[in-house]
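Asks: Sequence:
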Amino acid sequence: MRAALWLVGLFAAAVALALFAGDNQGTVTIFWPPHRVDLSANLVLLLLVLLFVLIYAALRALAAVLELPRQARRWRSQQRERAANAQLLDSMVQLSAGRYLRARKAAEDALEREHSMAASGEALPQAATLRALAHLSLAASAHSLQDHSLRDSHLNKALEAAARGSAPQELREGLLMRAARWSLDDHDPSTSLQWLEGLPQGAGRRTLALRIKLKAARQARQSSDALETARLLAKHRAFSPDAARSLLRSLASELIDSAQDPAQLRTIWASLDANERAMPELALRAAQRMMALGGEGAIVREWLQPVWEQMLTLPDGFADAHGARLIRVLEAGVGQDEPGERDWLARIEAAQQANPRDPTLQYLAGMACLHRQLWGRAQLLLSQAARQLRDSGLRRSAWRALAELAEHKGDKDAAAEAWKKAALE
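Counting with the UniProt record's numbering, you get residues 1 to 425 for the letters of the sequence shown.
No more than 30 Å apart at the CA atoms, straight line, and that leaves these computed lysine-lysine pairs for BS3-like: (1) Lys215 - Lys157; (2) Lys157 - Lys105; (3) Lys215 - Lys235; (4) Lys409 - Lys421; (5) Lys409 - Lys420.
Just so you know, these hints were derived from the structure itself, not from any lab.
Please work from the sequences and hints to get the whole structure.
Replies: Here's what the structure looks like:
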């Protein structure tokens with residue numbers, strides 16, 4: 001399209017020139033005493049055009065000659081800048097290859113070239129960024145060589161360079177995150193968390209920053225902060241669903257184990273979200289911790305009710321280990337004269353009748369009958385459960401209860417046999 005327009009313009013210029021110059025009878029007379037020169041108007045116009053072109057070419061040539069020194073200075077500056085950038089790139093390459101001394105030497109050369117350019121008045125527009133990255137490379141090399149004093153010195157210089165207006169904000173954020181990671185390597189989680197506190201709010205919620213914060217909180221035994229950070233990471237899909245569930249379960253378990261009294265444990269349990277409280281492992285751990293701290297049995301049974309319903313609703317998907325732990329916790333609460341205890345006894349009996357062949361329910365119902373002094377039914381249920389229970393601890397407990405029942409009845413042979421089977425478990 002552009003070529004077609006140029007062609008049309010050329011034809012138009014040719015037509016205009018032919019119309020103007022073809023029949024032009026004008027004459028230009030120049031008097032130069034004692035001479036007289038007559039020139040046609042077309043020739044004078046042509047000479048004027050040629051004179052303009054000649055003067056324009058001469059001025060351009062003169063400008064090019066005068067520009068040569070500045071071009072030479074710019075060329076030298078570009079060469080120095082390229083050399084400094086090349087040294088910085090070489091430092092990063094050597095650092096990634098594990099050649100820390102070579103990386104240090106290349107970074108020092110890059111800094112020297114940048115300083116020489118600044119001293120000669122040829123400061124680079126990205127000088128602050130180059131200086132910060134060079135100091136970062138030096139600090140990283142020193143960290144790998146366990147030279148902490150040199151690392152901290154260059155890190156502070158890198159932060160000073162990044163604090164200048166010409167350096168991007170992301171550079172300072174990256175330096176703070178790197179410093180936090182180095183503090184974690186030094187097993188200094190408090191310092192790592194202090195570095196992270198210097199990040200802006202948006203940068204502090206990035207996945208990398210949250211990962212560092214999670215590791216620092218775990219090293220510092222700050223289970224509550226670690227759990228909150230893990231929730232954010234799970235929300236950002238930083239882990240697979242299974243890994244996120246396992247991590248949240250582990251951190252919540254640590255938080256539950258840290259409770260020193262029932263009131264603190266209740267506060268911790270209330271701080272967990274609904275999905276976490278629905279995990280059988282956490283509910284069982286919290287219930288056992290509450291019982292160990294001497295808490296109310298009603299609270300324990302309240303926490304365990306969703307786990308109980310889950311075991312009855314999905315028996316195939318409920319782990320045997322969780323079922324055994326649930327039975328032990330409920331067994332410990334059987335026979336205590338507390339509000340709601342009778343409701344649980346009725347619930348246990350109804351569940352056993354609905355699932356008469358379930359050995360764990362038979363065992364739990366048998367222990368409930370034993371505590372209520374229903375000797376015959378307790379012996380029947382425990383005898384059936386003792387032969388089918390998978391958990392050795394529950395089997396041993398069942399045989400021990402049968403031995404005590406036999407002794408109560410005066411049946412020494414049956415008691416001895418039950419004690420023998422309990423000892424073999």
